[in-house]
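2 protein chains.
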Amino acid sequence: MNQYTQYSKGCSACKDKADIFSCLCQTELDQIDEKRIEVHFKAGELIFKQGTPNMHFLCLTQGKVKTYIEGFNDKNLILSVVKPVEYILGPGIYADQMHHFSAMAIEDSVACLVDLVTFKSLIRNNPDFAEDFLKKISLQSIYNYELFISLTQKQMPGRIADVLLYLKDKVYGSNSFRTSLSRQDLADMSGMSKESAIRILREFKDEGIIQVNGNDFEILNTEHLSKISQTG
Amino acid sequence: MNQYTQYSKGCSACKDKADIFSCLCQTELDQIDEKRIEVHFKAGELIFKQGTPNMHFLCLTQGKVKTYIEGFNDKNLILSVVKPVEYILGPGIYADQMHHFSAMAIEDSVACLVDLVTFKSLIRNNPDFAEDFLKKISLQSIYNYELFISLTQKQMPGRIADVLLYLKDKVYGSNSFRTSLSRQDLADMSGMSKESAIRILREFKDEGIIQVNGNDFEILNTEHLSKISQTG
DNA sequence: CAAAGATAATGACATATATCAATATATCGG
DNA sequence: CCGATATATTGATATATGTCATTATCTTTG
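Chains F and X supply the protein sequences, listed in that same order. Our numbering applies: residue 1 is where the first sequence begins, and numbers increase by one. Our numbering applies: residue 1 is where the second sequence begins, and numbers increase by one.
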């Protein structure tokens, strides 16, 4: 078993691990498999950049990736942290064929690229797959609304609480985790300066809500954290 | 000609005015027409409310509607101001069948409701319509990203500039307009208190960038406004 | 038309948050 | 293993923005 093991298995292996391809029959999976390009990224490497043409549909099979909007004054807003097996899709696919956010590997990662012509033809020819796709982007859209409220109506403790709960529930699936996200990344997820993010984390630590040691996090009191998220 | 004139014309009339139905053939249009319920709303009336079941696809044929997320402490975040002929669709349609934002008429308005079964069957059976729909929600998603940056990375003058440019370009299509949005609404569009919104508007007026008189607005210096939007 | 209620405008003040500067700690290449 | 470089932490200070109180203006209605 080496890092290329995944390579030989192809799309069928991913189908078993994720529901995103569950609507596709074997012929359709083979069709993707044929066009598929597998790429390895090292931690810190840019996968695609905001403002460049969006020519491929991208599926993450190993590692972790952050997606972020590059805003003003070199400030970024992290939209999501993607884990395997999920696809990373932007709205450009059906609009202007451009990337509207950037994606960067935060761990060593493997992604499969499939050209959009193949992807779009699957959408056109398989209504189940189309509906599944619509559901996926709808869920993402719903999450974006929550993000809107968190970022615009909550104060810093509420925003940091939301970030911690997101990491626990959506990314690492555990109360304790070691993250490869920097403090700057946590700040970019909560729309504040890194100094402020650090201060809030320390407060949470002092209050016994979390345990932090470098990049090791443990959420000790989820209810309290949820309450902070609620009260803003 | 009275307010009900629109009624008798049906969907074909809307097809001429808007591109949203351009992919549908006459049979399909008739199919919608048959299921269509036309409803009149007075200014200030709630069209649908966040947290209630989303059972219909909604198309605005007259008037203006604001869509907004109801957040914490009775604070709202206005997502869009919709004008005819556009549809108002939420991500709930393909996710949990719930409304994730509210919609309220800000002028006397007319909307057509079509049950989701009919709508979804059109999506399934007409790939062109499905692609068109995907394009629509993609464009909305792209706009949401711009909103993210405006709300989280710009200071108040930049945010108010963005609101004014949005009203000019996307809602009223003119440098001068009379709006039915209150100052509170403008504040809810830019994520600030109404007092702050009022103050910034006065500053813009004093600097000769805009002319304001009650609800009558005129943008005198679009370049300056764009520059304020850019510099944050 | 007048009274009542809503909306708008303005000023004084409080505070959440960013910025800047200094120090500490971790990470990495040779 | 060590110096160099990046990242994290902390404190002092500045500032953008919200809140509260007051007055003005508009709108509605009997």
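Any given hint could turn out to be false.
[As the list claims (entries may be wrong)] Only pairs whose alpha carbons sit at most 16 Å apart, straight line, appear in this in silico EDC-like list of lysine to aspartate or glutamate:
no., chain 1, residue 1, chain 2, residue 2
1, F, 135, X, 131
2, X, 135, F, 38
3, F, 168, F, 218
4, X, 120, F, 128
5, F, 120, X, 131
6, F, 120, F, 108
7, X, 120, X, 195
8, F, 49, F, 74
9, F, 136, X, 96
10, F, 83, F, 30
11, F, 135, X, 146
12, X, 136, F, 19
13, F, 120, X, 128
14, X, 75, F, 146
15, F, 168, F, 131
16, X, 120, F, 223
17, X, 120, X, 131
18, F, 75, X, 146
19, X, 120, F, 132
20, X, 135, F, 96
21, F, 120, X, 132
22, X, 49, X, 16
23, F, 135, F, 19
24, X, 15, X, 28
Treat the hints as calculated values from the structure; they're not laboratory data.
Now for the hints, and whether the structure bears them out:
1. 135/F - 131/X: Satisfied, since the Cα-Cα distance of roughly 15 Å is no more than 16 Å.
2. 135/X - 38/F: violated (28 Å)
3. 168/F - 218/F: holds (9 Å)
4. 120/X - 128/F: With a Cα-Cα distance of about 11 Å, the restraint between residue 120/X and residue 128/F holds, given a limit of 16 Å.
5. 120/F - 131/X: OK: residue 120/F and residue 131/X at ~9 Å, within 16 Å.
6. 120/F - 108/F: It is violated: about 29 Å lies between the C-alpha atoms, which goes past 16 Å.
7. 120/X - 195/X: Given pair residue 120/X, residue 195/X is violated - Cα atoms ~44 Å apart, limit 16 Å.
8. 49/F - 74/F: holds (14 Å)
9. 136/F - 96/X: holds (11 Å)
10. 83/F - 30/F: violated (24 Å)
11. 135/F - 146/X: violated (23 Å)
12. 136/X - 19/F: violated (25 Å)
13. 120/F - 128/X: holds (11 Å)
14. 75/X - 146/F: holds (14 Å)
15. 168/F - 131/F: violated (29 Å)
16. 120/X - 223/F: Measuring from Cα to Cα gives roughly 39 Å; hence the hint is violated.
17. 120/X - 131/X: Holds: residue 120/X and residue 131/X sit about 13 Å apart, inside 16 Å.
18. 75/F - 146/X: holds (14 Å)
19. 120/X - 132/F: holds (12 Å)
20. 135/X - 96/F: Holds. Residue 135/X to residue 96/F sits at ~9 Å (cutoff 16 Å).
21. 120/F - 132/X: Judged against 16 Å, a Cα distance of about 12 Å means the pair holds.
22. 49/X - 16/X: violated (30 Å)
23. 135/F - 19/F: holds (12 Å)
24. 15/X - 28/X: Within the cut-off at roughly 12 Å; holds.
The earlier numbered hints that this structure contradicts are 2, 6, 7, 10, 11, 12, 15, 16 and 22.
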